[in-house]
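Dock chains B, C and D against the given chain A, drawing on the hints supplied.
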Amino acid sequence: MTNLLTIIFLISLFYIAVSGRLFVCINLLIVQGLMLFGIAFLSLREINIINLLVVLTETLLFKAIILPYYIKKMVIKNKIKRQVSPFISGFSSLLTVSILIILSFVLGIYLQNAQLKLIYITAAFSGIMTGLFLIVSRKEIIQHIIGYIILENGIVLLSFSLGNKTPMAVNAGILLDILISILLFGLFMNKIAKTYKDLDIDQLNKLSD
Amino acid sequence: MGLLIYIIAVFGLATFVFFVRKQTAQYIAASVFCVVQLTFNYLLIVRKDLFNEIFFRVDALSIIFISVLSITSVTTIINSFVYFNHRRENYFRRGIYLASLFMLFACMCGAFLSDNINILWILAEATTLCISMLIYHERNEEALEATWKYFFVSTIGLSFSFIGILLLNAATNVSGFSSLTFSSLMSEKILITNQFLFQVSFLLIVIGFSVKMGVFPLHTVCIDAHSVAPGPVSAIISTSLMNVGFVSVFRFYQLFAHTSLSNWMSHVMLIIGVLSLLVATVYMLKVDNYKRLIAYSSIEHMGLITIGIAVGGIAYFAVILHLIIHSFTKAGLFYQTSQFVRIFKSKHIEDTGGYFKISPSGGILMLFLFLVIMGIPPSGLFFTKLMIFQSLINSGYLWLLIIMLVLLVFILWAFGKNIFHILFLKVPPAVQECKPKVSFWENIPQYFLLILGLFIGLNPPVFLVNIINEAVQYLIK
Amino acid sequence: MTVFVLLPLLSFVFFLLPKKFQSIYNVLLTVATAAISSYFAITVISSGSTLNEDLPLVFWGNQLNITIDLLSAFFILIVNFTVITGAVFAIEYMRMYNEKKRADLSLHFFSFFWLLFSMLMVCMFHNMIAFLVAWEIMSVASFVLVIFEYEKPEVIKAGINYLVQMHIGALLLIVACILVYNATGQYTWDALTAYFYDHKNIPLFLLFFIGFGIKAGFVPFHTWLPHAHPAAPTHISGIMSGVMIKMGIYGILRILLHVQSDLLAIGIIILVISAISGIAGVGNAIIQHDLKKLLAYHSIENIGIIGIGIGVGLIGVATNNDLIAILGFGGGILHVLNHSLFKSLLFYSTGSVYLNTHTREIDKLGGLIKKMPHTAILFLVASIAICGLPPFNGFVSEFIIYNGFAESMIASSIGIKILMMFAMLSLVVIGGLAIFCFTKAFGIVFLGTPRHIKIENVKEVKWFTLFPQYIILTVIVVIGIFPILISNLFFQLAGMFTHKTILIPEATMLNISSISRFALLFIGITIIIYFLKKYFIKNKIVERAPTWGCGYTGNADKMQYTASSYAENYSHDMDNLLNQKTHYKTIADEEIFPKERTYKTHSESLAEEKLFLRITEFLKKILNRLAFVQTGKTQHYIMYMFVLLIALILLTIFNVI
Amino acid sequence: MRATGIIMILIASLVFPGIITRVKSIASGRKGPGLFQPMLDILRLLKKGTIYSTTTSFIFKIAPVIYFSTILTAAFLLPFDNQPGLLSFKGDFIAFSYILALGKFFMIIAALDTGSAFEGMGASREALYSMLVEPAFLILMASFAMFTGHTSFYEIYSSIYFGSYIAVFVGVLAAYNLFQIIMVENSRVPYDDPKTHLELTMIHEVMVLDNSGFDLALINFASALKFVIFGTLISNFFFAPDTSIYLGILIFLAIQFVFAVIVGVAESFRARFKLRNNNKAIVLLAPISILIFLSLLMLLTNQN
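As given, the protein sequences belong to chains A, B, C and D, one line each in that order. Mapping to this note's numbering: the first sequence position 46 is 46, numbers consecutive. Mapping to this note's numbering: the second sequence position 36 is 245, numbers consecutive. Mapping to this note's numbering: the third sequence position 581 is 1267, numbers consecutive. Mapping to this note's numbering: the fourth sequence position 195 is 1538, numbers consecutive.
Next comes chain A alone, as it looks inside the complex (with noise of 0.2 Å):
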């Protein structure tokens, strides 16, 4: 069962490379956030229960919920274009995106040992490469924070595999960072906004040698 929902999120990645429109991307984001708690509601099993309703409320809320929400409503406010500028074509992204994941599945051959389990690794880390390939290929930065958030559901997806012994750790360190991330990038999207007219990363490069 988990399996099928972490090959859904690796789909979703597929989707999100390929994608073109920046709601289908958010909505993705919705739908990894509910593959999320879907997998930590059947993997976290050996942790006490208030624990693990902490992580799940955390994961809906947050994963599903408030961050999808959260941006939408900044493109709205900040008038953001809805369509997708990549450095490179949709399908040598898809190609990229393949790659990636066979890489993550070739080193999680390498890395997996008792808690890490392969295809949690594989997904786990096509999630971090793949948000670092859309940082990388993306010129807007709405799309960079969405890049970011899949990579974090990366992180959120190996820590589910490591769950079931240092919960409090995974929990610790994705509330912060869920936390932060919303605070400052909602702050600093709002600013740049003003600032700039569109949000666009090559305005950005006065700061340069």
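Check each hint, because a few of them may be wrong.
To be verified - Pairs of lysine-lysine, PhoX-like flavour, derived with a Cα cap of 25 Å:
#1 Lys626(B) with Lys843(C)
#2 Lys1404(D) with Lys1244(C)
#3 Lys838(C) with Lys644(B)
#4 Lys787(C) with Lys566(B)
Just so you know, these hints were derived from the structure itself, not from any lab. This structure is a prediction, so every number in the text was calculated from the model and none was measured.
Just chains B, C and D now, with coordinates in the frame of chain A:
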């Protein structure tokens, strides 16, 4: 217990300055903070037991760097007020500035002390928060850009190190949140089950923390942050914050120092260090902005330090001492830059000149700071560099040493050329006619730091030597 | 000793003193320092035993101690002498800079003191680390002194050039010291013996030699000298050229005391490099228009002569022929003293000229002898001495070195014979070129009539400025006429390098005494003839008329020979070696009414242009290529991280690291 | 007894220039002045007063004196048949050439002292040529020193020995080189023509344009003396170790006479070099000396 009190006190002060926006109130708060910081530091040295909490542990390393931090914090606060008064800063901004400054200090102290890996990571993340506020202080486009970049990139970097920590967590079969501590991992020797897992986690951690330590690859945003932040803040970034990064990396390095990874680790550090040195040289030859120039020199020193860690031996000692002296000197340099900005109304080196004429005391100060930072006697960095070279040759890296020397010579040339352009030559006419004044008293804290650095360098007091040896003894043995 | 250590504290007083007392205080401080250190040195020389003292200073937790042996004592003495004269000379010279701020002067004199102190320390320390520190402080202090007129960009340029080159030298020394330490486990000069005993000698020696040679100014490491000396105030140039570059010689000698094997090879290396330095130095000196630049090149030449002496001595030691060893080393070390005397004197008198005329351009000057006769005499004597002509001191040292050549031509193997012949050839050429150069310098600057500048209001410098120069003059003459007074010391010094106490051969002593007979004879004859002339023209008509100008006497001073035209027939032939640049736009055919034109020549140092600039430019280009990191795009920054991560992981997987 | 040398040199110098001029005039088909004419001119000059240029300083006054005394001092170093000179020490040949250089130094700066374009020209040329010729002379002497194993004139000459025919060849070569050196040192044809009348082409003569009276007398006498001194350097080759003093004097005078005649003949039958070529011609002398050095080295190695 003590730590809790300290943190509560600092938080209180921060909230106080944030909400009470009166000049006197801020002065009082600042002085109170200095008192708190120094007392905390003092107690830390004399009564370790007060501070050994569950997640925190007082050891030689943390004592050293917290002492450095306390000294620089006082000077930083003084310089911040100088900076405010010359810019006629409004009290709202002053409030935010001071509040985040205090918080920053608190977080860094915590990071130095923290024994639990997760806590260390969380505090490092927290420093990012505070420092972003400080970088953004001047509220112009560049500030916004630099802040955005710094924040975004360092968040990503730190999340990478978080992955590393998770992997480490998986690799070592300790369980429970509080159990993943340096002391426990160091006390029962790590058995390397899956070496590759450890290696990957170490790589992730080091590369993630490179954003704080200011070495390749993530030094880039550090530079931007330096160049837009107010002088005192830049000073903090390239002294205490880099020390935080160093300490974190150093602690992780210690973990595997006596395992089968040690050789591999030293190679990794060597690569990173040399790359940083190279990048620093390249850009010091290129930049035309003196704050960036000095920032790159920090990168250079961090690169040297990384190389020092890699080669080990007597270099461990040298590295710590190097960091201490570098912190004091570099802080002094950055404090001076806020004077330059004020006088020359520009951060470009072409627009500067004749600072020595404008303020002789500051000029002499700059001259000496330059000598010290370049490791020319009577600078202590001379000896630390000597030791690093010595162990480089000892471990058979003569070829590498030659490359480094070439780079260092270029660095001297570039840095000297620009610094002397600022110090000497003619005062630009535009500056000349508005008759800038610099009072002698502004330089006093910097003189204090300079003399401190010189003294420590020329004749390190015995207790310092002992404590440094204590800090590195785990690696030596 | 305690007093000596406390002296540096007094140097901080400069920052409190008002302008006009500073130079006086400087003299006092210098004299005090010199007196104390000379006391030690003289005790060492008189007793002939090495002095070992613990300083009441702790340095990195261990006691500092100084060791003064004969070599150190000798160098300490010459340093003190020259620096005192420089300090006294500075009193009037620094009045030129009245518009400077107080802090400038304070910093200047502060570093002046530290230059002296660090030079003494360089001579005294036998602990390598302490030595290196003193060495670096010496470079830094002199650097600060050089950039005294820091408003001028060219001064700053020269200063940075100087600082960087000194730093390179220091780095080489550091590496050498570390090598010694890693081999022997201690940072002292005596450890060198152990090192040289069971390692290859030449590599380490070369490392040291280049490190010290950059300071000393051996070709091709001389490129800083011609820039730094014109930039610096004149008394500083005098001191730097007089004694500071000799610290490099000191270092080389210090190393040579410990070298164990390969002496012959090392000697030949030194000999060849020195011969090249000598010829290149004087050869470039001739075509300079800037008087101080000319003198700077002559420092290179004299360093070359010193090196030649040392090389001959080493060859003597290698072929264990004590006579040659003594002649070579004795001559070389004696020339160290001599050069410090006449070169500082030359610089000081140049300074007096600059003080009054505010120009160093030889071609602008002329006829100064009528306005400042004392300075003229001083410069003349110094020039004769530096040309190595009797009856002054330069002749003595060169004569001894020549004897060294002759002896080793007679004694040693055929290869050495030929080498010696060429060395002698080079020394002769050096002598001839020096005469050419200094007849030009003295003749154009002091004789004839002024060429461009007006000299009506030029006046002789004050007595207290002349006084130290006359002291130097007397020393020059005394050494020149009675070398026997000091020759013992030098042969003792030379004996140190043969590692056995050998009595000075009678023949050599005889020579030394016969030099003085020779000089006295010459002087006697001169005096006799002079009085003869007086007697003859006592009651004859002695009238004055304009110079014979082929019947044309108008505007004669514009028609005079200038420095350039004087050197023309030399530089014309030597063109390709001197790398002289001409700035002149030739008249094109269609240019019927040519505009006003200027003709200007200057010379670039060959080694600098063709060797160092190319290397540095090349490296700079490479480094500039690498400057693609800081693009300002966040994606790139993150990409670097990712790429490095992947790269390191791959390297790890494939066990590269 | 050791003073014989210096006395003979002084005596010879009285007639030496006379002989040259006489030979030249005979060669050009004239009767020519008496042998002592040059000396008489000098005497005449001694009686005259002097004119000093307004631009000159004491350098100009002192220079001739020093010039003369340097040459006289140099004369003291020379041996005469088999006894050393009044002042003889190891390496005196170095002192010899350096003291002469001192004289030149003063003549040059005296010329520059007058501030005239011509004399500056002469000074520059003189300086250059003497600089170029010095190596040749010293290397020559050094090679003799190397060959004989002694470093003073006296010992060199007393122990010099030309055995084999190649040695004779070397000796001839040496004599030729020495002759050329002498020509340069005394600025005679082909390097310079004392009798020229165009300042632009003069070397030595143009330097003394402004000297008059006693100074000029000193200078002229000094150049005569210089000639004889170098003549002595040649004549010393011909003293066998056991020639008695009287025979020595005879040989000396004969050699000087022959030498003077040769100079005269050479001067009257040779054209002078183009000025630009002088440099090359003089530089050529040094390699010849080196050649001599090497061949002597060869001889030496053959002997033992």
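Results for each hint:
| no. | hint | verdict |
| --- | --- | --- |
| 1 | Lys626(B) with Lys843(C) | 8 Å, holds |
| 2 | Lys1404(D) with Lys1244(C) | 24 Å, holds |
| 3 | Lys838(C) with Lys644(B) | 21 Å, holds |
| 4 | Lys787(C) with Lys566(B) | 8 Å, holds |
Every hint, counting from the list given before, is met by this structure.
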